[in-house]
Amino acid sequence: MAVAGAVALGIAAWVEYGLGDVPCGLCLWERWPWRVLVGLGLLAALLRGQGARAMLWLAVPVMLAACGLSAVHVGVEHGWWPSPLPECRAPVFHPGTFAERLAAMPMRPSKPCDAPTYLVGALPLSMAAMDGLCAAGVLAVIAYCLSRGRKRGRR
Numbered sequence: 001m002a003v004a005g006a007v008a009l010g011i012a013a014w015v016e017y018g019l020g021d022v023p024c025g026l027c028l029w030e031r032w033p034w035r036v037l038v039g040l041g042l043l044a045a046l047l048r049g050q051g052a053r054a055m056l057w058l059a060v061p062v063m064l065a066a067c068g069l070s071a072v073h074v075g076v077e078h079g080w081w082p083s084p085l086p087e088c089r090a091p092v093f094h095p096g097t098f099a100e101r102l103a104a105m106p107m108r109p110s111k112p113c114d115a116p117t118y119l120v121g122a123l124p125l126s127m128a129a130m131d132g133l134c135a136a137g138v139l140a141v142i143a144y145c146l147s148r149g150r151k152r153g154r155r
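Here the UniProt record's numbering is used: the first residue of the sequence shown is 1, the next is one more, and so on.
Any given hint could turn out to be false.
Within a straight-line C-alpha distance of at most 25 Å, the following computed SDA-like cross-link-like pairs (lysine to any residue) qualify [claimed, not checked]:
1) Lys111 <-> Ala2
2) Lys111 <-> Met130
3) Lys111 <-> Gly20
4) Lys111 <-> Ala99
5) Lys111 <-> Ala65
6) Lys111 <-> Ser126
7) Lys111 <-> Gly75
8) Lys111 <-> Ala13
9) Lys111 <-> Leu139
10) Lys111 <-> Trp29
11) Lys111 <-> Pro124
12) Lys111 <-> Gly41
13) Lys111 <-> Ala122
14) Lys111 <-> Gly10
It is worth saying that the hints were derived from the structure and are not from the lab.
Since this is a predicted model, take the numbers as computed values, not measurements.
Make the full structure from the sequences, and use the hints.
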C-alpha cells in the first residue's frame, strides 16, 4: 500500500515539477487518499498480523474516496457538472487599486479543473481518469488480500 501511494504521488510530482503542468484544485484533492494510503501501508508494515489486516480494512474507504474524487474530476472535465471547488471557477476581480488587485492574486496561477491533462498523446485518458483506474486497481488488490486472509482464517 505504501509503495502504491508513493508511486502515485511520485507520478503527480513528476508531472507537476518535471513537466511543469500546474495542478488544479481537484488534482490537489485527489492526492490526499494516496497520502493516507502511504501512512496506512507503513503502519501495516510495522503492526503485522491483525494490525496489518485492520490497516487493509481502513484502506478500503480511502481508495473508494480516491475513486469518487476521480469520478467527480472526470465529470468536471467532460462538462457533466460544475466543479464543487470555488478555486476551479473563473476568478472574480474586485474593484480597488491596482496594488490591491495584485495583492489579491494567487502566488501561483491555477489551472481550471475542466482542462484535462493527458500524459500519453494517443491515449484518451486524462490524469484524473488514470488516477481513478489506479485507485480501482489498488482497491481490487486490497480486496483480494482481504479475501485471502478470510479464507486462510477458516481453515
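Structure-based check of each hint:
no. : hint              : result
1   : Lys111 <-> Ala2   : violated, 29 Å
2   : Lys111 <-> Met130 : holds, 18 Å
3   : Lys111 <-> Gly20  : holds, 12 Å
4   : Lys111 <-> Ala99  : holds, 23 Å
5   : Lys111 <-> Ala65  : holds, 22 Å
6   : Lys111 <-> Ser126 : holds, 14 Å
7   : Lys111 <-> Gly75  : holds, 16 Å
8   : Lys111 <-> Ala13  : holds, 16 Å
9   : Lys111 <-> Leu139 : violated, 29 Å
10  : Lys111 <-> Trp29  : holds, 14 Å
11  : Lys111 <-> Pro124 : holds, 19 Å
12  : Lys111 <-> Gly41  : violated, 31 Å
13  : Lys111 <-> Ala122 : holds, 22 Å
14  : Lys111 <-> Gly10  : holds, 20 Å
Consistency with the previously given hints fails for numbers 1, 9 and 12, ordered from lowest to highest.
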